[in-house]
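J.: Each chain, letter by letter, is given below.
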Amino acid sequence: MMAYRRKTGCRNGQTANTEDGPHLIIYKKMERILEKMQDEQIGVPVKTVKSFMTKIPSVFTVEALHLAHLMAAHGYIFCIDDHVLTVKADGTYYRFQTPYFWPSNCWEPENTDYAVYLCKRTMQNKTRLELADYEAENLARLQKMFSRKWEFIFMQAEAQAKVDKKRDKLERKVLDSQERAFWDVHRPVPGCVNTTEHDIKKACRMNKSTRRAKGIICGSKANPMSEADIARSTEALRKEIASLKSRLDRRNVKISKVGESYVSYFEQYQEYDPFLTPPEPSSPWVSDSPEFWEVEKQTKEVPPRRVRRWAFSLQELLKDPAGREQFIKFLEKEFSAENLMFWDAVQELKQVHSKDVPVKVQEIWNEYLGPDANSPINIDSKSYELTKKNIEKPSRWTFDEAAAHLYHLMKNDSYQRYLRSEMYKEYLSGTKKKSSIKGIRSVIFPGRKDQNST
Amino acid sequence: MNELDNLRQEAETLKSAIRDARKAACDTNLVQVTVNMEPVGRIQMRTRRTLRGHLAKIYAMHWGSESRYLVSASQDGKLIVWDAYTTNKVHAIPLRSSWVMTCAYASSGSYVACGGLDNICSIYSLKTREGNVRVSRELPGHTGYLSCCRFLDDNQIVTSSGDMTCALWDIETGQQCTLFTGHTGDVMSLSLSPDVRTFVSGACDASSKLWDIRDGMCKQTFPGHESDINAVTFFPNGYAFATGSDDATCRLFDIRADQELAMYSHDNIICGITSVAFSKSGRLLMAGYDDFNCNVWDSMKAERAGVLAGHDNRVSCLGVTEDGMAIATGSWDSFLKIWN
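From first to last, the protein sequence lines are chains A and B. Each residue of the first sequence is one higher than the one before, counting from 1 in UniProt numbering. Each residue of the second sequence is one higher than the one before, counting from 1 in UniProt numbering.
Calculated from the structure, these hints are not laboratory results. Warning: the hint list may mix true and false statements.
Simulated crosslink set (SDA-like; lysine to any residue; CA at most 25 Å straight-line) [what the hints assert, rightly or not]:
{"no.": "1", "chain 1": "B", "residue 1": "K78", "chain 2": "A", "residue 2": "I200"}
{"no.": "2", "chain 1": "A", "residue 1": "K350", "chain 2": "B", "residue 2": "Q9"}
{"no.": "3", "chain 1": "A", "residue 1": "K126", "chain 2": "A", "residue 2": "Y93"}
{"no.": "4", "chain 1": "B", "residue 1": "K219", "chain 2": "A", "residue 2": "A242"}
{"no.": "5", "chain 1": "A", "residue 1": "K254", "chain 2": "B", "residue 2": "S207"}
{"no.": "6", "chain 1": "A", "residue 1": "K162", "chain 2": "A", "residue 2": "A132"}
{"no.": "7", "chain 1": "A", "residue 1": "K239", "chain 2": "B", "residue 2": "R197"}
{"no.": "8", "chain 1": "A", "residue 1": "K254", "chain 2": "B", "residue 2": "D212"}
{"no.": "9", "chain 1": "B", "residue 1": "K23", "chain 2": "B", "residue 2": "T221"}
{"no.": "10", "chain 1": "A", "residue 1": "K88", "chain 2": "A", "residue 2": "V174"}
{"no.": "11", "chain 1": "A", "residue 1": "K29", "chain 2": "A", "residue 2": "K239"}
{"no.": "12", "chain 1": "B", "residue 1": "K219", "chain 2": "A", "residue 2": "S243"}
{"no.": "13", "chain 1": "B", "residue 1": "K89", "chain 2": "B", "residue 2": "E66"}
{"no.": "14", "chain 1": "A", "residue 1": "K239", "chain 2": "B", "residue 2": "G216"}
{"no.": "15", "chain 1": "A", "residue 1": "K297", "chain 2": "B", "residue 2": "Y85"}
{"no.": "16", "chain 1": "A", "residue 1": "K239", "chain 2": "B", "residue 2": "Q9"}
{"no.": "17", "chain 1": "A", "residue 1": "K329", "chain 2": "A", "residue 2": "R308"}
{"no.": "18", "chain 1": "A", "residue 1": "K360", "chain 2": "B", "residue 2": "G174"}
{"no.": "19", "chain 1": "A", "residue 1": "K202", "chain 2": "B", "residue 2": "D118"}
{"no.": "20", "chain 1": "A", "residue 1": "K355", "chain 2": "B", "residue 2": "G174"}
{"no.": "21", "chain 1": "A", "residue 1": "K411", "chain 2": "A", "residue 2": "S336"}
{"no.": "22", "chain 1": "A", "residue 1": "K319", "chain 2": "B", "residue 2": "D153"}
{"no.": "23", "chain 1": "A", "residue 1": "K88", "chain 2": "B", "residue 2": "D312"}
{"no.": "24", "chain 1": "B", "residue 1": "K15", "chain 2": "B", "residue 2": "G174"}
Chain A with its partners taken away, still in its complex shape (with noise of 0.2 Å):
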């Protein structure tokens, strides 16, 4: 029969494991899908497309058709009177494509084998097998690529017209419909995917050989291991070990307790899901205005909504520039504002161009930490400690146990103090009385989530 191209070393029918590429993964289970189907006792008559919608179980109409077209698309099943590759759910007829022609056989056919295909079609004498327009574009275009060595193209075509010929009538007919849905795949009309196209990360991956994880090799009676070989295994291992020590010294948390931290976070955030909460004012996206926008940027007049987000977490309250500016406003009333200083001057550290990191170092050093400072910050003796030591080598990292001690001071001391105090509070129903019209809105459209609840 045909010699096509194959890829080498593609294995037939089995099952799928992790050194698969992907198309292969997905073409074993169409695979399966068609066993099922072409079963004796539980397989479908595909007689029309209809019957092998029904006889899919517990599938609706819509993923049938989907799946149908999948497996049409990647050339399983066709349609015996149209060169595309789709399932539609009218009356017409389909056809199983031969296990010879499965994509899982990695064909690779070459522009050669087309011009021969295309060559012998037109030898033969069948209307049911005259070119189509795209088809006869093919061809005009291969004898021009390929006019060196036409009559070798030539050759081939009218010696398997021939061995055609030969065939029984009913089964050339069926043998002619397959070649066909196999060309389809491999050079679609156009307008059609091709899905024989590869994803070029998988590409790269499908040309190397399988991998051996790197530095662990295990030897064998016929190849022993060099004295660098058990050096590097035994690097490698040692690495491995210390790893998997530093994994066990956490400790777990139950599947039960991170479940409720879940359902609790979901009831905290669910208003501030534009997918799942209609945004106010809407969302740009469809008033085709960019309103929200604006209001989410400005400090002067901040919707309640975010006011109350403030109250999540100290993240929340710093995020939003107009927390931020409240949140100073308190600190400097208590006397502790260098905190929050000390840490935006950290985070700007981690920003600056190498070459300055030590400078900068030594700015934050003089400012909040030094003998003295100008802004003294208030930390344990160990941070301090730790800190000194690390000024000897100044890095972007110099502070971070200073700054994650204190952003946990805050948290636990002056965020929370924040959230208790007049000056939150009344701001948050300071804001609430300016947006009172969104108040009216409420009653308008219920089922909104009441802005004046506790």
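Starting from the structure of chain A, add chain B where the hints point.
T.: For chain B alone, kept in the frame of chain A given last:
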């Protein structure tokens, strides 16, 4: 050889202990815990914008922090920065290599980065004094393709590569500060935690790893998938992440419980996932598939809540804006669509 055997034995014992610790914490599953939550109902989204301009497959996209600008990368050899709201192209940047696989937008809005088969992460400055866009730094060093990159800030970027490693770079000096080794397969994707102290990576060894950015250590490893992991994304609370794989499933892994909490799959879904992203509250997980669709999952109840159908070829990338207002999908059909 005896020492080697002992070490192997020790490693196996430790791995076994880690598995036991996981089992001990596994007293229920997420779907049981959330059984009393209200279902989200049918999620139907409409295309609000279509961004036309690329001439070939789109391989990657990333939203800017202002939630209306995004950068996309295509095999036509261009990076395009769009104002998605007006659909205007703000910049069209020709690349030195057309085999681009990833792109990223710095949160300052001043830089974009990309990379691919050239193994190099190229940084482009968008706000030069002269007003044009130019390469401000090239970061060579990986010995495999660049699959993903994300800015920590204007000076630091994390990359993942087909050479099975990830790396943290100092952009100004062009040096690799930290190398993250441990994966035994191509690393396909990475996601930064909300507090930017850790990141998670997904690889072709079917595992994902949590890394400490500062000390380069792999803090935890999450097995479970049966094939390449193509995409990872953090859950908004920073304590969990979702993955998408060639095994046609997405999964949610919790960091505190050190294991899989939920799996998002269906018998009808046989194609692999290329990209994943959460909605603002984390309740919805969007996943782009090879079968041209994007499925919307209820992450808490592990049910499918909706489908975004509209592309004529594979959905290769997607992302949700910082403000959660919209989702962008990029496809091999050369278009980007904005939905909500």
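J.: All hints are to be evaluated individually against the structure, with a verdict given for each.
T.: Checked hints:
no.: 1; hint: B:K78 x A:I200; verdict: holds, 17 Å
no.: 2; hint: A:K350 x B:Q9; verdict: violated, 42 Å
no.: 3; hint: A:K126 x A:Y93; verdict: holds, 20 Å
no.: 4; hint: B:K219 x A:A242; verdict: holds, 11 Å
no.: 5; hint: A:K254 x B:S207; verdict: holds, 22 Å
no.: 6; hint: A:K162 x A:A132; verdict: holds, 23 Å
no.: 7; hint: A:K239 x B:R197; verdict: holds, 22 Å
no.: 8; hint: A:K254 x B:D212; verdict: holds, 23 Å
no.: 9; hint: B:K23 x B:T221; verdict: holds, 15 Å
no.: 10; hint: A:K88 x A:V174; verdict: holds, 21 Å
no.: 11; hint: A:K29 x A:K239; verdict: violated, 39 Å
no.: 12; hint: B:K219 x A:S243; verdict: holds, 8 Å
no.: 13; hint: B:K89 x B:E66; verdict: holds, 16 Å
no.: 14; hint: A:K239 x B:G216; verdict: holds, 13 Å
no.: 15; hint: A:K297 x B:Y85; verdict: holds, 17 Å
no.: 16; hint: A:K239 x B:Q9; verdict: holds, 14 Å
no.: 17; hint: A:K329 x A:R308; verdict: holds, 18 Å
no.: 18; hint: A:K360 x B:G174; verdict: holds, 21 Å
no.: 19; hint: A:K202 x B:D118; verdict: holds, 15 Å
no.: 20; hint: A:K355 x B:G174; verdict: holds, 13 Å
no.: 21; hint: A:K411 x A:S336; verdict: holds, 13 Å
no.: 22; hint: A:K319 x B:D153; verdict: holds, 16 Å
no.: 23; hint: A:K88 x B:D312; verdict: holds, 17 Å
no.: 24; hint: B:K15 x B:G174; verdict: violated, 37 Å
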